[in-house]
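Undergrad: Work out the full structure, taking the sequences as your base and the hints as a guide.
Each protein sequence line maps, in turn, to chains A and B. Each residue of the first sequence is one higher than the last, beginning at 306 in the numbering used here. Each residue of the second sequence is one higher than the last, beginning at 306 in the numbering used here.
The set of hints was computed from the structure by calculation and includes no laboratory data. Worth double-checking, as some hints may not be accurate.
Repeated chains share a single entry, so a pair holds when one copy, or any two copies, can fit it.
Okay, derived cross-link-like pairs now, SDA-like style, lysine to any residue, Cα gap no bigger than 20 Å in a straight line [unchecked claim]:
1. Lys467 to His482
2. Lys480 to Met389
3. Lys351 to His413
4. Lys310 to Glu475
5. Lys462 to Gly327
6. Lys480 to Thr463
7. Lys310 to Lys321
8. Lys431 to Met372
9. Lys419 to Met389
10. Lys480 to Asp465
11. Lys462 to Asp412
12. Lys467 to Gly427
13. Lys480 to Phe460
Protein chains: 2
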Amino acid sequence: MTLLKNALGLSHEYIKSAVQSGDTVVDATCGNGHDTLFLSNLVGAKGKVYGFDIQAEAIRNTRALFMRSASFQNTALISCGHEMMEQYVPAGIAAAMFNFGYLPGGDHQKATKKETSVRGVGAAAKLLRPGGLITLCIYSGGDTGFEEKEALLAFCKTLDPKQFGVLAHEFINQKNHPPMLICIEKK
Amino acid sequence: MTLLKNALGLSHEYIKSAVQSGDTVVDATCGNGHDTLFLSNLVGAKGKVYGFDIQAEAIRNTRALFMRSASFQNTALISCGHEMMEQYVPAGIAAAMFNFGYLPGGDHQKATKKETSVRGVGAAAKLLRPGGLITLCIYSGGDTGFEEKEALLAFCKTLDPKQFGVLAHEFINQKNHPPMLICIEKK
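TA: In C-alpha cells, the structure reads:
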C-alpha cells in the first residue's frame with residue numbers, strides 16, 4: 306500500500322476525515338456517480354447528498370449507478386451547473402467535492418469551464434460549515450489545457466486566510482501533468 | 306481540531322503512517338531535538354534513530370532534551386552535516402525528516418545551505434526502504450530567501466517517478482510565505 310495516493314485517492318481520505326454520518330454534503334460534479342455514491346455511503350440514512358451535473362448523460366449514469374448500488378435513499382440529483390448550488394442546498398454543509406474536466410467516457414469538448422468552476426467553488430465556500438471541507442481535483446494539459454487550473458488557483462489564493470485554510474497538493478516528479486488536489490477548509 | 310495542519314504538523318502525520326515500532330529512522334536536522342524525540346518515541350526500544358546536526362549547539366540542545374524527556378535509549382546524535390549520513394546510517398531506513406532553515410532560537414546566519422541540503426536529501430533517498438518516506442519542511446522568504454526552496458524543488462522534480470512518489474504541499478492563501486512540505490515515498 307502506498308502512502309501518497311493520487312489526487313482522487315487523497316480527496317477521499319480528506320473527505321472521510323471531514324464527514325460524519327448524518328451530515329449534508331455536495332457532489333458538485335456527479336460525472337459517472339462514483340463520488341456521489343461514496344458520499345451517500347459516508348453520510349448514511351440520516352444524511353443528505355446533493356449531486357449536480359450540467360450534462361444529462363452524467364445524471365443518467367449516476368442514477369443508473371444508484372439503482373444498482375446505493376444503500377441509502379439520501380441523494381438528490383440535480384441537472385444543473387454547480388454554480389447554482391445555493392438555490393438548492395441549505396447552508397451548513399460538511400463537504401463539497403469537485404472533480405473538474407470532462408465526463409469520463411463522454412465528450413471531451415463538454416468539460417467544466419473556468420468561469421462556472423470558480424463560481425461553483427465560491428458558492429460551496431459560502432455554504433460550508435466551520436470545520437467543513439471542499440476538495441478540488443484539477444486536471445490540466447492535453448485536451449484540458451491550463452486555463453481552468455490557473456483560474457482555480459488564482460481564486461483559491463484570494464480566499465481570506467482568517468476564514469479558510471487552503472492546501473494545494475501537487476505530484477511534482479511525474480510526467481504528463483498528473484491531476485492536483487486543492488483542499489479548502491472553513492475555520 | 307483543524308484537518309489541514311501546518312507543514313510540521315502534516316509531516317508528523319505522514320511519519321506516523323510510515324514508521325512502525327522497531328524501525329530505523331533519521332532526523333536529518335536535530336535543531337532543538339523535538340522531531341528527534343518524536344522519532345525516538347515512534348520506533349521504541351527496538352528501533353534506532355540517527356540524529357544529525359552540524360551545529361554543536363543543536364546537538365547540545367537535543368541531548369539536554371533527551372536527558373529530560375527520552376523514554377528509550379535508541380538514539381545516536383551525530384555532530385555532522387546530513388549530507389554525510391551514508392557514512393553512519395545503514396540502508397533500509399523507514400523515514401528521514403528534514404526541517405530546513407536556521408536553529409530556532411539560534412543564529413539566523415547559520416542556516417542550512419542549498420548544496421548540502423540537496424545532497425542530504427539525495428543521501429536519504431538512497432537509504433530509504435520500499436514504502437519508506439522522507440519529509441522536507443521548507444521555509445522561504447525573510448532571512449531565509451528562496452534559493453534553498455527552489456533548489457530542493459528542482460532536485461525533487463528530478464527523482465525517477467518509477468522509484469519515487471513526490472508530493473508537494475503548499476498553503477496557497479496565506480501571507481508571509483508559510484513553510485511548505487514535500488513528501489518523498491520510495492515505491
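Undergrad: First find the shortest C-alpha distance between Lys351 and His413 inside one copy, then the shortest across copies, and answer within, between, both or neither for a cut-off of 20 Å.
TA: neither (36 Å within a copy, 55 Å between copies)
Undergrad: Using 20 Å as the alpha-carbon threshold, which applies to Lys462 and Gly327: within, between, both, or neither?
TA: Close neither inside one copy (31 Å) nor across copies (42 Å); limit 20 Å.
Undergrad: How would you classify Lys431 and Met372 at a CA-CA limit of 20 Å: within, between, both, or neither?
TA: Neither way: Lys431 and Met372 sit 32 Å apart in one copy and 50 Å across, limit 20 Å.
Undergrad: Evaluate Lys310 and Lys321 at a C-alpha cut-off of 20 Å and name the case that applies: within, between, both or neither.
TA: This pair counts as both: shortest intra-copy Cα distance 14 Å, inter-copy 16 Å.
Undergrad: From the Cα coordinates, with 20 Å as the cut-off, is the pair Lys462 and Asp412 best called within, between, both, or neither?
TA: Neither: 31 Å inside a copy, 33 Å across copies.
Undergrad: For Lys480 and Asp465, with the copy left unspecified, which applies at a CA distance of at most 20 Å: within, between, both, or neither?
TA: For Lys480 and Asp465, the Cα distance is within 20 Å only across copies (10 Å; inside one copy 33 Å).
Undergrad: Reference check for the pair Lys480 and Phe460, CA-CA at most 20 Å: within, between, both, or neither?
TA: between (26 Å within a copy, 15 Å between copies)
Undergrad: Since the copies are identical, ignore which copy is meant and state whether Lys467 and His482 lie within 20 Å (CA to CA) inside a copy, between copies, both or neither.
TA: between (31 Å within a copy, 15 Å between copies)
Undergrad: Given identical chains, is Lys480 near Thr463, meaning Cα to Cα at most 20 Å, within a copy, between copies, both, or neither?
TA: Result: close only across copies, 11 Å inter versus 29 Å intra.
Undergrad: How do Lys480 and Met389 come out at 20 Å by Cα distance, when the copy is not named: within, between, both, or neither?
TA: For Lys480 and Met389, neither the intra-copy (35 Å) nor the inter-copy (31 Å) Cα distance is at most 20 Å.
Undergrad: Using 20 Å as the alpha-carbon threshold, which applies to Lys419 and Met389: within, between, both, or neither?
TA: Answer is within; shortest intra-copy Cα gap is 15 Å, inter-copy 48 Å.
Undergrad: Between copies, within a copy, both or neither: which fits Lys467 and Gly427 at Cα up to 20 Å?
TA: within (16 Å within a copy, 37 Å between copies)
Violated hints for the displayed structure, listed by number in ascending order: 2, 3, 5, 8 and 11.
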